[in-house]
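There are 2 protein chains.
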Amino acid sequence: MSYSSREVHLLSRPVGEPTPVNFELVTITLPALQPGQVLVRNRYLSVDPYMRGRMVDRKSYVPPFRLGEVMTGGAVGEVVESNGGPFQAGDWVQSMHGWREAFVSDGRGLSKVDPALAPLPAYLGVMGMPGLTAYVGLLDMGKPQAGETVYVSGAAGAVGSIVCQIAKLKGCYVAGSAGSDAKTAWLMQTAGVDAAFNYRTTPVPAGLARSCPNGIDVFFDNVGGGTLEAALGRMNDFGRIAACGSISLYNATRPEPGPRNLGLIVPKRLTLQGFIVSDHDDRMHDFYRDMSRWIAAGRIKWEETVYSGIDNAVPAFLGLFSGKNLGKMVVEI
Amino acid sequence: MSYSSREVHLLSRPVGEPTPVNFELVTITLPALQPGQVLVRNRYLSVDPYMRGRMVDRKSYVPPFRLGEVMTGGAVGEVVESNGGPFQAGDWVQSMHGWREAFVSDGRGLSKVDPALAPLPAYLGVMGMPGLTAYVGLLDMGKPQAGETVYVSGAAGAVGSIVCQIAKLKGCYVAGSAGSDAKTAWLMQTAGVDAAFNYRTTPVPAGLARSCPNGIDVFFDNVGGGTLEAALGRMNDFGRIAACGSISLYNATRPEPGPRNLGLIVPKRLTLQGFIVSDHDDRMHDFYRDMSRWIAAGRIKWEETVYSGIDNAVPAFLGLFSGKNLGKMVVEI
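Here the protein sequences come in this chain order: A and B.
Counting with our numbering, you get residues 799 to 1131 for the letters of the first sequence.
Counting with our numbering, you get residues 799 to 1131 for the letters of the second sequence.
Hints were generated in silico from the structure; no laboratory data involved.
Some hints here could point you the wrong way.
You can't tell identical chains apart in this list, so a pair holds if it fits in one copy or across any two.
Claimed, not checked - Calculated cross-link-like contacts (lysine to any residue; reagent style SDA-like; alpha-carbon spacing at most 25 Å): (1) LYS1099 x PRO829; (2) LYS857 x ARG1008; (3) LYS968 x THR1069; (4) LYS857 x TRP1092; (5) LYS1099 x VAL902.
Just need the whole structure built from these sequences, with the hints factored in.
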């Protein structure tokens, strides 16, 4: 018996904003299971901003996607058939196999997830890579102290929304910026931040002047560009900037000038530190321990924005760059 | 009996490059000594790039110079008269009293220096603030490991020339850039760096490609601007940038765009850290211990560029911005 699966391939490398023509939905026939192999049917696919970087053919911390091959990335699926090995039919597993409905695997790179501990899509968000990113970036790079001001850009996204709440748990004053009034309302009412502003209607310098009356001690940056420049201007002496990403620049067709006030890092003695979550597997244990406890105590809230069907993987991904997501963007299939 | 002294006042705040019209040489009559006071006649005045920042009226880590008052800064002089207190006639003392021939002091802010341990102007350079800047910035911010590549901009200056040699003592491969062939020759032949280039005749990206074949692990930046951009492009993963200053930008009349490739700090996991030497008095003891030992062993060389007469304090200061100095620029009076 053979199964077919649809998967999304990268067809061409985008210049500027990706469009649907850069992708192709391909139907393949899955091979029969060899001994030790499993058949996994994905339930949730992850779309993440960092994937934009992998669409460019250059050396970086992860190899670029290859043309004509699957858009790999996080996914959660069910083992529907097992031919021996550690996984049984009915197990839920996480993989980096990406945008495909189903796949055959020898089990390498799969890890079990427990749907009783957290809802399945949470393993792609608050309990997964974005959650660990928030935890490591804020705590290890930002080093926030109780009473300090933490400013989070992209504050209603998968990472930012968790950063805001961990910072509150650590006793900080927290301000966030996001791209809609609905998002800032969520930040104030659900995430419990102290201040939030909509960067589409309030210029960031003005938003920061109002939201961070005592300056900024820790800036967790998901956005870059003008947001970084505005934050540099408002940083306090000895401030720390955790540079997580710069989504405002990912689709730029030419290099954008950096912040004109970068020289402030000297008189203000700032530290600007870039990081990549995959370097910090050693923090996974602490992260799971703390996050499970916070979730169980109802102290961390999260949202998912769910698109349906693998044919919506590309629109979901593209939606990240126009801010269509509140919390984690996932595709359910 | 009364003495007169000439001193340099800031007359107006420069826009762009300072010129002699921004300063005034004023003759004053020194007051008679009160009990506990001393009369100090300065022998060496320090001129330093950071003083440019103090000429601007803005809040920063040191208060701005005030119009109509002395350009304060490092100086070494001799106690020529003492009316009691801890200092005796014949003592050599260091102060922050700046660009004046002589002054009366109650002793606060004075500290003795030993001309037998190091030549007097060295207390304004290798054994003084610039030396400590090099030591702290390289070791504490840059954290170089033996075998790593250290790149130093402004490598033939008061700070850079010492950074290069400490990095060599720590077993690093060292490359430096400077503004003349005479300076690069000094770096190669006297400071013992592994590679040097003249940024006025070799574009920095090309100079770095040739001088740092294995990339850059630690960048000690005195220059900023395009030099920082070029270095970012050549940094290795997990590289550290000690941001000491950005002399290329100090006379800018409008904010210059920052490096277009600043986003590289995320995929390369770079740390960019600004620092100010006066925050690191706790390292003074280690610095004196190590530097005295290195100097005694002949393992650190240094140069001074000496202008003569207090009427040459302004030309000496202005000369910093066109690279007239090899090593520490001082004024002897």
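How the hints compare with the structure:
1. Taking identical chains as interchangeable, the C-alpha atoms of LYS1099 and PRO829 are never at most 25 Å apart, the minima being 41 Å within one chain and 70 Å between chains.
2. Only between protomers do LYS857 and ARG1008 lie at most 25 Å apart by alpha-carbon distance; the minimum there is 20 Å, versus 41 Å within a single protomer.
3. Taking the shortest Cα distances, LYS968 and THR1069 sit within 25 Å of each other both inside one copy (20 Å) and across copies (24 Å).
4. For the identical chains of this complex, LYS857 and TRP1092 are neighbours neither inside a copy (38 Å) nor across copies (41 Å), given an alpha-carbon limit of 25 Å.
5. In the homo-oligomer, the alpha carbons of LYS1099 and VAL902 never lie at most 25 Å apart, since the shortest distance is 34 Å inside one protomer and 66 Å across protomers.
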